[in-house]
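> In order, the protein sequence lines correspond to chains S and R.
Just so we're on the same page, my numbering is the position in the first sequence counted from 1, plus 17.
Just so we're on the same page, my numbering is the position in the second sequence counted from 1, plus 144.
Calculated from the structure, these hints are not laboratory results.
Glycine is no exception: its CB is placed at the ideal position from the N, C-alpha and C atoms.
Keep in mind that the hints are not guaranteed to be accurate.
As the list claims (entries may be wrong) - Lysine-lysine pairs mimicking DSS-like chemistry, simulated, CA-CA at most 27 Å apart: (1) R:K284 x R:K206; (2) R:K329 x R:K348; (3) R:K352 x R:K235; (4) R:K348 x R:K210; (5) S:K59 x R:K329; (6) R:K206 x R:K270; (7) R:K166 x S:K118; (8) R:K166 x R:K210; (9) R:K166 x R:K235; (10) R:K352 x S:K118; (11) R:K329 x S:K118; (12) R:K270 x R:K166; (13) S:K127 x R:K235; (14) R:K208 x S:K127; (15) R:K235 x R:K284; (16) R:K284 x R:K352; (17) R:K206 x R:K166; (18) R:K235 x R:K348.
As the list claims (entries may be wrong) - If you anchor each label on the Cβ, the simulated ranges turn out as follows: (19) R:D330 x S:N126: 45 to 53 Å; (20) R:D328 x S:Q56: 43 to 51 Å; (21) R:D219 x S:D57: 56 to 64 Å.
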Amino acid sequence: MSEQQPPDINGVQLHLITEEEFEEMRPQARISRILDEVQDGKLVVLQTGLSSDEETRLIDATMRHIEPDVFSGIEIEIPKTAQNKSGGLMGRLLGNEKKNKLTLIGPANKLEEVDGNDFFMSLSTEAN
Amino acid sequence: MSVLASIRNSLSGLFGSSRGPKQIGVYGPPNGGKSTLCNRILRDWTDDEMGTTSHVAHETVKVKSKDNVVIEHEDYEVQINIVDTPGVATKVDYTEFLDEGFERDDAVRRSREATQGISEAMHWLKEDIDGVLYVLDSTKDPFTQVNTMVTGIIEGQDIPVLILANKIDLDDSDVERIIEAHPDKDVVPLSALEGDNMDEVYAKIAAKFG
Chain S
18 MSEQQPPDIN
28 GVQLHLITEE
38 EFEEMRPQAR
48 ISRILDEVQD
58 GKLVVLQTGL
68 SSDEETRLID
78 ATMRHIEPDV
88 FSGIEIEIPK
98 TAQNKSGGLM
108 GRLLGNEKKN
118 KLTLIGPANK
128 LEEVDGNDFF
138 MSLSTEAN
Chain R
145 MSVLASIRNS
155 LSGLFGSSRG
165 PKQIGVYGPP
175 NGGKSTLCNR
185 ILRDWTDDEM
195 GTTSHVAHET
205 VKVKSKDNVV
215 IEHEDYEVQI
225 NIVDTPGVAT
235 KVDYTEFLDE
245 GFERDDAVRR
255 SREATQGISE
265 AMHWLKEDID
275 GVLYVLDSTK
285 DPFTQVNTMV
295 TGIIEGQDIP
305 VLILANKIDL
315 DDSDVERIIE
325 AHPDKDVVPL
335 SALEGDNMDE
345 VYAKIAAKFG
């Protein structure tokens, strides 16, 4: 299992889940892992996107974990370029086959503080 | 659509439509006008209504369905089951209900009901929905992550979808923005509240799901 730790953004702790690591997990374990990290207040960076089935599971699991004053849910950011690959919102559908695209998932109240595009730009700069 | 549902649909296609009316789910973000649309459809074609509507987000907290709604026209006739769903979101914060004037206990109760309703809506989408009317408020930005995610889920499950650009009666409605967001989909402008352009909505429903 290989794991890299990307830089903090605005002092918010990030946790990278690599494609290799993600592929080794069972479907429900992937969702549990994401939610565990997010509920710990971290931003999770997925090296690869979620399938439609995983997205369904993630929404369902998120709803079951919401607790007043404790956890109000998640927000998700993917790079604008990945959304618009084939034009418009449906270009995002390329992601259903899990193309390599970064996905950022975080607690609702923390991801609001991070500009998604700035984040992906800084991550890209760091990688280069 | 689950594997079993896909097989079931394929078989019904081979041997006739023994399964009966298709289940048409009305999905979309909170406050897009889903329940208003359901009420409009039911008022137009039955003597019933689906439920209450309000400006408060997550007013619909349970999936509701009305079976055997027959939409008739000289050129078509289609029989469907209409399934109204809670607005899908990835976060539900009870403090938003406090902002609407609810007491804390009520706000917490509503937020819990909303989370259960969203889970239920996702289960229906995965198992029991044959087609989707995706209702968007045309005065709002359609390029949100939740819309991206939910329309991606719908497409990923090969469920036919009709995009409805609602609230065209409002001054700041921008249907072009929704068409731009869904360039490869049928987008129908309407006002469910005022009943504007419902003839085209029904014709598209018949063509897409009939």
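> When the structure is checked against the list of hints, which entries are broken? Sort them ascending.
3, 5, 7, 9, 10, 14, 18, 19 and 20
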